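Novice: Chain by chain, the residues:
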Amino acid sequence: MIVDLIVTLVKILFILAVTVGFFAPILTWVERKQSAIMQDRVGANRADILGFTVLGLFHAIADALKMFTKEDFIPDGANRALHTLAPIVAVVPAILTFAVVPFGGNYSLFGKEVNLVIADLDVGLLFIFAIASIATYGYVIAGWSSNNNWSLIGAMRTAAQMISYEVTMGLTIIGVLMVYSTMKLTVIGAIQEDFLRWGIFLQPLGFLMFFTASIAENKRIPFDNPEAESEIVAGYFTEYSGLKFGMFFMAEFIEIVTIGSIMTLLFFGAWHIPFVSTASLLSIFDFLGTTGSNIVVMLIHVGVFFTKVIIFIWIQMTIRWTLPRFRYDQIMKLGWKILLPLSLVNILVTGIVILALQ
Amino acid sequence: MELLIFYPIALMCVGLALAVVLNKNPINSAMCLIGMMLGLAGIFAFTQAHFLAILQIIIYAGAIMVLFMFVIMLLNLKEDADHWMAREKNKLLSGLTAVLLVGALYKIIDVITEAKFKAPTAVPDSFGTVARVGEALFTDFVLPFEIASVLLLAAMVGAVVLAKNKLD
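Sequences listed follow chains A and B, in order.
Each residue of the first sequence is one higher than the one before, starting from 880 at the first, in our numbering.
Each residue of the second sequence is one higher than the one before, starting from 7 at the first, in our numbering.
Calculated from the structure, these hints are not laboratory results.
Bear in mind that the values here come from a model prediction, so they are computed numbers and not experimental data.
From the three backbone atoms N, C-alpha and C, an ideal C-beta is built for every residue, glycine too.
Among the hints, erroneous ones may be present.
Stated by the list, open to error - Under the rule of at most 25 Å between Cα atoms (straight-line distance), these lysine-lysine pairs were calculated in the DSS-like manner:
no. : chain 1 : residue 1 : chain 2 : residue 2
1   : A       : K1212     : B       : K97
2   : A       : K991      : A       : K912
3   : B       : K124      : B       : K113
4   : A       : K890      : A       : K912
5   : A       : K1063     : A       : K991
6   : A       : K1216     : B       : K30
7   : B       : K97       : B       : K30
8   : A       : K1216     : B       : K97
9   : A       : K1212     : B       : K172
10  : A       : K1063     : A       : K890
Unchecked claim - Label-pair restraints from in silico Cβ distances:
no. : chain 1 : residue 1 : chain 2 : residue 2 : range
11  : A       : I1174     : B       : I11       : 51 to 61 Å
12  : A       : I1174     : B       : V148      : 22 to 32 Å
13  : B       : V27       : A       : G1121     : 34 to 44 Å
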């Protein structure tokens, strides 16, 4: 009992350290560096400690300091309670999603089976979907409670966009469910030990649609109409400053990691290396004993998982700095008239193929 | 131990449900309703119905309430006393509703206190899982399921027709 509790606690701390402690600050730097490279600039290199800049990595620290020390400003006529609640509602679901994301398989350490997931829910896939839909409120009440028309327009756009793309996301998930016939994320990960059963081969169209819809859900370019700087100042977070603004910022970057993890988990073989099964990996390190080999394999798997996540983060960054912003009606048209029918066709074709193969 | 989890959630639900009715500000009411639904999902999860709990969050808290919020914001209702006090004129209707509510509550309490509970039987592991719910839905309850889908389809067609008339 106590051991289980400690193991779970360690897993929670690990996830928090990786997402909030590592990825969120590093990604602010990556975003700057990536844009600089793509636009042929030198990029973030001004923040220095005693003359050392370390490729501009200190900008993350400077950002954090700035956010902590800035005045927390609430405009006149704003709804104070909701204005404060909004960033919390936005950032908590982003972190909470990781509760069901497995970042490795099953390992026997010191005679104990350890599962690298915090909560192995029977409805894991739906849990992610449900939690993501809660995040909408953070953005919507942020815009509404600010007593600012730009914010309100941003909030309306957010609500419309997130509802539209949630439909596509939900229907795409059905395709994934049909091929794996389970919602348990650990099982979905374990099935993909077989390279030919990676989600990308079973659901290629589903992958493209899910990726598009999740970028739209995260409101990043080309779907950043809710915060379009050149049209509505900064959209729903126009009236936010200091750490509250920082929380919206953090939510966006954590969601990038979430999207990367879900893509890896559902479509790119989770923690598995192509053509290398867990059993063969274990036999290579057999000379270290049961616990030793399990520890090595566990580290390899976690490394592989996060490498894939980083690749997906890089793809998202590249998309962000390559494409221009869509017009609002184009976003709605893409969501309802192209992606929605396509996702229905995807379900139909998946069903027919599964039936034919039976 | 279980009651330690149940009572705070139940209290939260009742408190938030009261707040929905008593709040003057429509957005605050909507937020309280969302909180209440999340609490309800907690009670479902607590009684082993995990799938139902998740559906409660996705459908009610995630989808329907977002549309509510969207409409409230579209009308941009502020704390405008004139608009929101209009209901008070209809005292007769309020009284009738209260009588009906008390009657229904009385009947429910009557049935519950009369009922004799057997010792709780252990639930099987598969209880409340996606597979089990799906099985029940497509075997024992397939007719209600189909009727409900036809009803939803009719509502959808109706909405499209109404919107289309306005556009043309």
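Novice: Can the suggested window of 34 to 44 Å be confirmed for the beta-carbon pair B:V27 and A:G1121?
Specialist: 36 Å, holds
Novice: Check the hint pairing A:K991 with A:K912 against an upper bound of 25 Å on the C-alpha distance.
Specialist: Status violated; Cα separation ~43 Å.
Novice: Is A:K1216 close enough to B:K30, meaning Cα to Cα at most 25 Å?
Specialist: Judged against 25 Å, a Cα distance of about 39 Å means the pair is violated.
Novice: Against the range 22 to 32 Å, how does the distance between the Cβ atoms of A:I1174 and B:V148 compare: consistent or not?
Specialist: 50 Å, violated
Novice: Check whether the Cα positions of B:K97 and B:K30 lie no farther apart than 25 Å.
Specialist: 18 Å, holds
Novice: Given the hint that A:K1212 pairs with B:K97, test it: the Cα-Cα distance must not exceed 25 Å.
Specialist: 47 Å, violated
Novice: Just to be careful, I want the Cα atoms of A:K890 and A:K912 compared with a cutoff of 25 Å; is the pair within it?
Specialist: 31 Å, violated
Novice: If you check the beta carbons of A:I1174 and B:I11, does the distance land in 51 to 61 Å?
Specialist: 36 Å, violated
Novice: Is the straight-line distance between the alpha-carbon of A:K1212 and that of B:K172 25 Å or less?
Specialist: 20 Å, holds
Novice: Within a Cα-Cα threshold of 25 Å, do A:K1063 and A:K991 meet the stated pairing?
Specialist: 22 Å, holds
Novice: Can you confirm whether the C-alpha distance between B:K124 and B:K113 stays at or below 25 Å?
Specialist: This hinted pair holds, its Cα atoms lying about 21 Å apart.
Novice: Quickly compare the C-alpha distance for A:K1216 and B:K97 to 25 Å and report which way the hint goes.
Specialist: 48 Å, violated
Hints 1, 2, 4, 6, 8, 11 and 12 from the earlier list are contradicted by this structure; the remaining hints agree with it.
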